[in-house]
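Visitor: Each chain, written out:
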Amino acid sequence: VQNDCRNTAESVLAILPNKIASQSMTPSVLQRVASGDSIAVRECIEQYGALVWSLARRLSRTAADAEDATQEIFLQIWRNASRFDESKGSEKVFIAMIARRRLIDRLRKSANEPPMDSSDEVLDSVEWSDPGTAAQTSIEAAEALRVLAELRPEERQVLELGLLRGLTQSEIAERLGMPLGTVKSCMRRGLIRVRECMKGDAERISGRPDV
Amino acid sequence: MSETGPGNAPDEAMIDLLIKQVTEGLSPEEQRALDVLDSAAASEYSRDFERAAAAIALAGAASHPESLPADVKARLERQAEEFLAGRRSGDLAAVRDAAAPTPLARVKTGVVGWYAAAACLLLALFAWLRGPPAVAPVAQVPPASTVPAVSPPAIPATPALPPTPAEQRAALLSQPGSITVQLAATKDPAAVGVTGDVVWNPMTQQGFLRFVGLKSNDPRLQQYQTWIVDGGRDKRYPLDGGVFDVPAGSSEVIVPIHAELPVRVLKAFAITIEQPGGVVVSALHHVVATGATS
Chain D
4 VQNDCRNTAE SVLAILPNKI ASQSMTPSVL QRVASGDSIA VRECIEQYGA
54 LVWSLARRLS RTAADAEDAT QEIFLQIWRN ASRFDESKGS EKVFIAMIAR
104 RRLIDRLRKS ANEPPMDSSD EVLDSVEWSD PGTAAQTSIE AAEALRVLAE
154 LRPEERQVLE LGLLRGLTQS EIAERLGMPL GTVKSCMRRG LIRVRECMKG
204 DAERISGRPD V
Chain P
17 MSETGPGNAP DEAMIDLLIK QVTEGLSPEE QRALDVLDSA AASEYSRDFE
67 RAAAAIALAG AASHPESLPA DVKARLERQA EEFLAGRRSG DLAAVRDAAA
117 PTPLARVKTG VVGWYAAAAC LLLALFAWLR GPPAVAPVAQ VPPASTVPAV
167 SPPAIPATPA LPPTPAEQRA ALLSQPGSIT VQLAATKDPA AVGVTGDVVW
217 NPMTQQGFLR FVGLKSNDPR LQQYQTWIVD GGRDKRYPLD GGVFDVPAGS
267 SEVIVPIHAE LPVRVLKAFA ITIEQPGGVV VSALHHVVAT GATS
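Chains as they are written, first to last, in our numbering: chain D, 4 to 214; chain P, 17 to 310.
To be clear, the hints were calculated from the coordinates, so they are not data collected in a lab. One thing to keep in mind: the hints can contain errors.
[Stated by the list, open to error] Here are some, though not all, of the chain P residues that point toward chain D, as calculated from beta-carbon distances under 7 angstroms:
(1) Thr-39
(2) Glu-40
(3) Gly-41
(4) Asp-64
(5) Ala-69
(6) Ile-72
(7) Glu-82
(8) Ser-83
(9) Gln-95
(10) Leu-100
Each residue gets a CB set at the ideal place from its N, CA and C atoms; glycine is no exception.
This is chain P alone, in the form it adopts within the complex (with noise of 0.2 angstroms):
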């Protein structure tokens, strides 16, 4: 952080830097001397300026505004299907979304362990919901529109746990048509001795990432993401498929996997070391592991 306190305005190096971060995006050069900048000041004039290029995108689009091309429309009403549908079976998804940083604002990391803590507790009501049941497999989780038929505990003495990644991951290879990718490691300096496999469901698009010899990673200066290539959609663009970290000390890890979109034709895994928070595109400089469909 530099000395720039919350109330002093950046000067006109950053100014262009923050200018161009909402205009065109940033180098990862670029990126890191921001975040070396970073001052209050600077997020409140991030967030203006990038209000104000919105203000005037709107300007420009009201010129000639066009209508939505009934293809289109016809696949955004499909993906809104799936994320009711995904809202209403207790998909995490939404909170790990709003557990990632805001692009232009990375570097407030003190929030996260919030996120994670409302994660738990989600994660806790969740099971308190369904009741005592040890281990469930994923995909009987009751939507959310029968879950008033179900009477909690009176007094939920003990709230039962959700069932681990682990146990979450055995429900899913017992699922009928769950397959399973073996992921090699690469030539990357942090792949060395790294193991896993993936556990993917196409029918359910539920998977799991798993995990030995995985560094672990401080997760205020990069995370790992996870990209799913699908062969039924544009090669160039992997589909994401969430931001992990690996904690210190862990021998295994498994990491839930959360596609953006739906994997129409599985192809291939991939797993990348990202800025926080993730990224859109991944310029693939540190891939870590993959793993083919045969």
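Isolated chain D, as found in the complex (with noise of 0.2 angstroms):
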């Protein structure tokens, strides 16, 4: 498995450069929708409404929470789509870093409600994508999973549940038994080997460091 999720992520890094130039000639969808294009601001919710609605069913507590934040993300994209800058990431990403921080915003703030929906069938459902469909969800996220692949699995079961279920770091040493230090450990490591990775690929495409 390893070696499948490392020669696609491979194979989508060799032809990146190629998709940044052809990205670079047509104005993407959020490039459109901050030069004032109102076809674009409908199509931005074609696009990318999936996304952001699964984002939202993952991190929100009961269907209409969901309801509520893809709106309030939907006008956060819209309002901040002349901050999108190509050249350190994909849409997808900054759509789905928008969205997240909504998300975060929220759940933090209604901690003391009761917990999630578990009969909602999406919370069950989570798991990691397979290579090939994460490569045509963005480079990053092939990228994303390959470093995963190489994770203990502890490291990778403590990703899961905190970035696809929303869980605190507490309750994710509670649900797996750890000591709150090594689910810690865990989050750092895993999230410093996907930084690093990102940073180098975003270097060696660019010829400089991503600042």
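Combine the two chains into a complex, taking the hints into account.
Guide: Quick look at the structure:
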């Protein structure tokens, strides 16, 4: 599995410069939103609605919360479209960053409320995608998957519970019966590894440090 | 700020804080600790961790992509129309939003002046395009599509000043459907002697707060934030009405309200003190004024 992940990621990375070049010639949806293109505002929903909704369902306590969160996220996306810089990452990662900020804020502020609706099917279906699907999603997702495949199982599990299911580090510790310090170490090692790989790729592609 | 320079990597404790910030958020105490330790290197790590977390989330989301439900899509499309209408009418909410500090890089206060200057420039340009009328109702702003038909003065020696907030408030108050909600001070120490009201028009979704006696704030440390309780939405999450500052020496302050989402059934307003840039959901630790519709 690790070899498959690596091969897929490497083949995707090999064509990345061409993809970036083609992106540069055609303005992205966000770039068009930022330039005042009203059609692009609607296209944004078509293109990223499923992604934002998927993230919102995973990181919201109820479906109703996810609906409100999705509306807030899109408003943020449209308003902040001019901040998107394709030299620093894909549009999908930018969208996911905005979405996660909102969702984490909402989760944190509702921390004293009843736990997430565990009957929601989506919470039971969270797992890593296969490398091919991740590569279609974004280069960064494929790269993240490659790194995840190299992590120890407990590190991968901590990242899954924290980033895909929205559990806090304390909740992860309780769920897995791990000391909190171990959870923090796993989270730290995993994110540092993904960070290093993403930075390395960005520098290799652009020929300069990603600042 | 810490002694850590831009080139120094954060230590393990700071990295743990940065990771917690992007994975589950920080408590106010942890946020303050991070602000104290803040450095250029930490900001860069924070951005990188956020990107890494987003990439991992994308990889996870790709496993079981969900279709956007039709009713949610319909709501988004209505919201898109409202967003576009607001942009056409020169709504400055977008400018306000751009001016708000990025949640994960809050401490960069030097840019605030630039954003304020940009907002002033936009206002001046807007007024210039509208021509010389002194005071016009806010709702009579022409949509952007009609702007090219307006001939600007050949030499705009003295561009017309945009209406002041007081003038805009008065204009809104004169519009059909506008209501006034009295604000009452709470027992919060910051609320002593505060009086005020809100003018709100449910049709245009515009509103203005007016205060007397509200204490000045240091925007680097905290800002006032407006909340709108909407009876048509989940009561646990009042709508964000925007953040604002009270400059030192102000007697009366008039502040436009920038609702994040359309207000369906107005129930109440609340003003809180929050961290710079505001928060998504208030912990209501410092509520300085509230006002409910009758």
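Visitor: With reference to the structure, classify each hint as holding or not holding.
Guide: Checked hints:
| no. | hint | verdict |
| --- | --- | --- |
| 1 | Thr-39 | holds, 5 angstroms |
| 2 | Glu-40 | holds, 5 angstroms |
| 3 | Gly-41 | holds, 4 angstroms |
| 4 | Asp-64 | holds, 5 angstroms |
| 5 | Ala-69 | holds, 6 angstroms |
| 6 | Ile-72 | holds, 5 angstroms |
| 7 | Glu-82 | holds, 5 angstroms |
| 8 | Ser-83 | holds, 6 angstroms |
| 9 | Gln-95 | holds, 6 angstroms |
| 10 | Leu-100 | holds, 5 angstroms |
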